[in-house]
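Asks: So the chains spell out like this:
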Amino acid sequence: MSLRVDVRRRLGAFSLDATFETGGRLTALFGPSGSGKTSLVNLIGGLLRPDEGRIVADGRVLVDTASRKYVPKHKRRIGYVFQDARLFPHMTVGQNLHYGRFFTPASERYGDIDGVVDLLGIGHLLDRKPGLLSGGEKQRVAIGRALLASPRLILMDEPLASLDDRRKAEIMPYIERLRDETKIPIVYVSHSVAEVARLATDMVVLDQGKVAAAGPTSELLQRLDLLPAEERGEGGAVLEMRVAGCNQAFGMSTLVSPAGEIHIVGLDAEPGSTVRVRIRARDVIVATERPHGLSALNILPGRIIGVSAGNGLFADVLIDCNGEVITARITRQSAEMLCLTRGLDIFAVIKSVTFDQANTTRGTTDGTMRPEGTTGMEKVG
Amino acid sequence: MNWLLDLTPDEWNAVRLSIRVAVVAMLFSLPPGILIALLLARGKFWGKSVLNGLVHLPLILPPVVTGYLLLLTFGKRGPAGAFLDQYFGVVFSFRWTGAALACGVMAFPLMVRAIRLSIEAVDRRLEAAAGTLGANPLWVFGTITLPLILPGIIAGMILSFAKAMGEFGATITFVSNIPGETQTLPSAIYTFTQVPGGDAGALRLTVISIIIAMTALVASEVLARRVGRTLEVE
Numbered sequence: 002m003s004l005r006v007d008v009r010r011r012l013g014a015f016s017l018d019a020t021f022e023t024g025g026r027l028t029a030l031f032g033p034s035g036s037g038k039t040s041l042v043n044l045i046g047g048l049l050r051p052d053e054g055r056i057v058a059d060g061r062v063l064v065d066t067a068s069r070k071y072v073p074k075h076k077r078r079i080g081y082v083f084q085d086a087r088l089f090p091h092m093t094v095g096q097n098l099h100y101g102r103f104f105t106p107a108s109e110r111y112g113d114i115d116g117v118v119d120l121l122g123i124g125h126l127l128d129r130k131p132g133l134l135s136g137g138e139k140q141r142v143a144i145g146r147a148l149l150a151s152p153r154l155i156l157m158d159e160p161l162a163s164l165d166d167r168r169k170a171e172i173m174p175y176i177e178r179l180r181d182e183t184k185i186p187i188v189y190v191s192h193s194v195a196e197v198a199r200l201a202t203d204m205v206v207l208d209q210g211k212v213a214a215a216g217p218t219s220e221l222l223q224r225l226d227l228l229p230a231e232e233r234g235e236g237g238a239v240l241e242m243r244v245a246g247c248n249q250a251f252g253m254s255t256l257v258s259p260a261g262e263i264h265i266v267g268l269d270a271e272p273g274s275t276v277r278v279r280i281r282a283r284d285v286i287v288a289t290e291r292p293h294g295l296s297a298l299n300i301l302p303g304r305i306i307g308v309s310a311g312n313g314l315f316a317d318v319l320i321d322c323n324g325e326v327i328t329a330r331i332t333r334q335s336a337e338m339l340c341l342t343r344g345l346d347i348f349a350v351i352k353s354v355t356f357d358q359a360n361t362t363r364g365t366t367d368g369t370m371r372p373e374g375t376t377g378m379e380k381v382g
Numbered sequence: 138m139n140w141l142l143d144l145t146p147d148e149w150n151a152v153r154l155s156i157r158v159a160v161v162a163m164l165f166s167l168p169p170g171i172l173i174a175l176l177l178a179r180g181k182f183w184g185k186s187v188l189n190g191l192v193h194l195p196l197i198l199p200p201v202v203t204g205y206l207l208l209l210t211f212g213k214r215g216p217a218g219a220f221l222d223q224y225f226g227v228v229f230s231f232r233w234t235g236a237a238l239a240c241g242v243m244a245f246p247l248m249v250r251a252i253r254l255s256i257e258a259v260d261r262r263l264e265a266a267a268g269t270l271g272a273n274p275l276w277v278f279g280t281i282t283l284p285l286i287l288p289g290i291i292a293g294m295i296l297s298f299a300k301a302m303g304e305f306g307a308t309i310t311f312v313s314n315i316p317g318e319t320q321t322l323p324s325a326i327y328t329f330t331q332v333p334g335g336d337a338g339a340l341r342l343t344v345i346s347i348i349i350a351m352t353a354l355v356a357s358e359v360l361a362r363r364v365g366r367t368l369e370v371e
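Note that the protein sequences, when read in sequence, are chains G and Y. Each residue of the first sequence is one higher than the last, beginning at 2 in the working numbering. Each residue of the second sequence is one higher than the last, beginning at 138 in the working numbering.
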């Protein structure tokens with residue numbers, strides 16, 4: 002599946018001019034509010050017409066203003082999960098779920114209702130009216146409804162934005178299962194670095210109606226300049242790591258990747274399974290020699306491949322750890338004090354990591370590990 | 138109770154005719170009512186305010202004027218009347234069908250208003266959602282818009298029925314006051330008040346009028362509540 006978008010559209014004083022291509026399983030359209038994310042998914046879904054441009058999904062031309070082709074939304078077979086769920090209030094949950102399926106030709110239907118109901122855990126809601134559901138339940142039904150129309154692509158427009166943290170945590174695993182267990186590509190609109198880091202395989206960064214960058218999430222999240230100022234600390238490396246073993250006595254698990262070994266606490270995963278590890282730039286300390294007498298367990302050797310002093314107060318240090326790149330955000334004073342320059346061999350001390358289990362059929366654990374005794378070192382650059 | 142039901146054949150005719158006229162007027166104005174309400178609520182076209190004015194005209198014109206205009210247009214020699222008579226065999230003048238036409242026209246603005254308001258209250262984002270699920274515009278209208286505006290349609294129908302039951306001026310001008318053919322309840326009551334000793338008959342028909350109107354009102358309340366229960370909007 003590939004999605005190629007090349008569109009221009011004016012909306013009042015705002016103008017959207019976006020060109021990108023993605024083949025990811027879950028592509029995040031990322032950017033601050035007002036950057037044109039929703040307009041862009043509306044263009045893909047057929048809720049908005051471009052002034053000019055072309056959208057091709059999986060080799061099928063959906064819009065091409067040059068040849069005057071425009072496929073209306075009901076013929077696109079693109080599922081859309083709206084921020085506000087938009088369940089039909091006069092139908093039960095079950096009728097909502099069946100709605101799209103009714104319009105799908107039998108030969109193009111896939112999945113089965115029981116399977117989807119099971120996947121989303123909404124079996125007990127089928128006879129209820131949407132008005133009586135909680136926000137999280139509504140969103141799960143909305144995902145199921147879109148899925149059962151057997152779409153070739155699913156668009157999700159900030160499906161978690163209107164929910165509190167507990168509800169978000171309730172739905173995230175379902176989106177991950179959707180990403181990992183079905184073959185349907187997803188385009189996911191978000192302005193949250195945490196969501197994108199956890200869910201997206203690819204991302205398209207939008208800024209004021211233009212594409213600022215596009216590519217794999219693990220690469221783009223390293224570029225802290227792409228992130229909004231207040232979330233820059235949330236950016237960092239995303240590594241797919243394999244569970245190598247665990248130490249029952251301490252409850253620690255060992256994860257390996259080419260970059261080295263990482264020990265974390267609180268992970269409940271089978272050895273051999275894959276875990277998606279996010280190392281936030283603000284959680285990485287740089288040492289010019291291997292530290293001794295430190296409680297932090299995770300120290301990865303590496304070489305500096307770039308130092309950028311972005312806004313003057315902080316410096317972002319890009320560290321190549323045997324082919325995998327980790328970013329550290331330290332104060333500019335520390336960077337100058339240690340004379341950090343390109344090519345210098347250093348050690349990256351990782352204070353904490355966030356991990357999600359990727360590609361596993363089991364429930365997902367999300368936890369932040371903070372080795373004891375390191376909290377007091379937060380401010381050490 | 139007996140004195141109430143002890144009606145002369147002419148009085149019975151008036152009751153039956155009134156109900157028939159009102160029901161026919163209501164049912165026949167429903168499809169164009171929904172269509173015009175849709176156009177007014179959603180359409181963007183030149184002359185929309187002209188259409189809006191035309192629809193509301195019967196509400197502001199004296200009913201006698203509307204009746205006379207109907208007589209000019211749909212009377213035996215009127216352009217529309219002659220055409221319908223010649224090609225479809227439909228005659229309006231001095232027939233109960235003419236009474237139904239007059240009632241329908243008089244009640245039309247009320248019906249359109251009620252339906253238009255409910256269409257404007259429909260969340261169009263739900264229709265967009267239905268579109269992304271594969272429903273073409275016609276299906277969207279039938280499965281989303283129509284059920285959501287049902288309370289407005291019921292209200293419009295009841296308003297139209299009540300107005301038709303009470304319509305007098307346009308009816309008597311257009312189709313006169315012929316017992317058994319065009320004499321509806323209001324015309325019959327009017328006739329009773331014009332003859333000596335007609336008070337008892339006028340009172341009987343008045344009470345019957347009130348009962349019919351109240352029944353219609355209660356029925357609409359019950360219906361609207363039942364529909365409303367299926368619509369527990371988020």
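The hints are simulated quantities; they were obtained by calculation from the structure and are not laboratory data. Be careful, since some hints might not be right.
What follows is a set of in silico ranges between Cβ atoms, one per label pair, in the way DEER data are often shown [said to hold, decoys possible]:
| # | chain 1 | residue 1 | chain 2 | residue 2 | range |
| --- | --- | --- | --- | --- | --- |
| 1 | Y | P316 | G | R129 | 54 to 60 Å |
| 2 | Y | A361 | G | D226 | 38 to 44 Å |
| 3 | Y | F278 | G | A170 | 36 to 42 Å |
Below, a list of computed lysine-lysine pairs in the DSBU-like style, where the Cα atoms sit at most 30 Å apart [to be verified]:
| # | chain 1 | residue 1 | chain 2 | residue 2 |
| --- | --- | --- | --- | --- |
| 4 | G | K211 | G | K169 |
| 5 | G | K211 | G | K184 |
| 6 | G | K76 | G | K184 |
| 7 | G | K70 | Y | K213 |
| 8 | G | K76 | G | K211 |
| 9 | G | K76 | Y | K213 |
Example chain Y residues on the side facing chain G (calculated, C-beta under 10 Å, incomplete) [claimed, not checked]:
| # | residue |
| --- | --- |
| 10 | D143 |
| 11 | P146 |
| 12 | W149 |
| 13 | R262 |
| 14 | A266 |
| 15 | P274 |
| 16 | V277 |
| 17 | G279 |
| 18 | I281 |
| 19 | P284 |
| 20 | L285 |
Where is the CB? At the ideal position from N, CA and C, for every residue including glycine.
Asks: Each hint should be assessed against the structure and marked as holding or not.
Replies: Checked hints:
Against the hinted window of 54 to 60 Å, the Cβ-Cβ separation of Y:P316 and G:R129 comes to about 57 Å, which satisfies the hint. A hinted range of 38 to 44 Å is violated for the C-beta pair Y:A361 and G:D226, which are about 59 Å apart. At roughly 39 Å, the beta-carbon separation of Y:F278 and G:A170 lies within the given 36 to 42 Å, and the hint holds. Straight-line distance between C-alpha atoms of G:K211 and G:K169 comes to about 28 Å, which keeps the hinted pair within the 30 Å bound.
Only pairs whose Cα atoms come within 30 Å are accepted, and G:K211 paired with G:K184 is accepted, the gap being roughly 29 Å. Straight-line distance between C-alpha atoms of G:K76 and G:K184 comes to about 20 Å, which keeps the hinted pair within the 30 Å bound. Restraint check: the Cα-Cα separation between G:K70 and Y:K213 comes to about 53 Å, which exceeds 30 Å; the hinted pair is violated. Taking the CA atoms of G:K76 and G:K211, the gap is about 28 Å. The hint holds against a cut of 30 Å.
With a C-alpha separation of about 51 Å, the suggested pairing of G:K76 with Y:K213 is violated against the 30 Å cut-off. The criterion of a C-beta within 10 Å of any C-beta in chain G is not met by Y:D143, whose closest approach is roughly 47 Å, and the hint is violated. A cut of 10 Å between beta carbons decides the hint on Y:P146: the least distance to chain G is about 47 Å, and the hint is violated. Hint status for Y:W149 relative to chain G: violated, with the closest Cβ pair at about 42 Å, above 10 Å.
This hint holds: Y:R262 has a C-beta 6 Å from the nearest C-beta of chain G, less than the 10 Å allowed. Annotation: Y:A266 was flagged as interfacial toward chain G, and the flag holds, the nearest CB pair being 4 Å apart, inside 10 Å. Nearest Cβ of chain G to the Cβ of Y:P274: about 8 Å, under the 10 Å cut. The hint holds. Satisfaction of the interface hint for Y:V277 is found here, the shortest Cβ-Cβ separation to chain G being roughly 8 Å, below the 10 Å cut-off.
Hint on Y:G279 is violated. Least Cβ distance to chain G is approximately 12 Å, over the 10 Å limit. Because the smallest distance between the Cβ of Y:I281 and any Cβ of chain G comes to about 6 Å, under 10 Å, the interface hint for this residue holds. Residue-level restraint check for Y:P284 holds (minimum Cβ-Cβ distance to chain G is 5 Å; threshold 10 Å). At a threshold of 10 Å, the smallest CB-CB gap from Y:L285 to chain G is about 6 Å, leaving the interface hint in force.
Hints 2, 7, 9, 10, 11, 12, 17, counting from the list given before, are not met by this structure.
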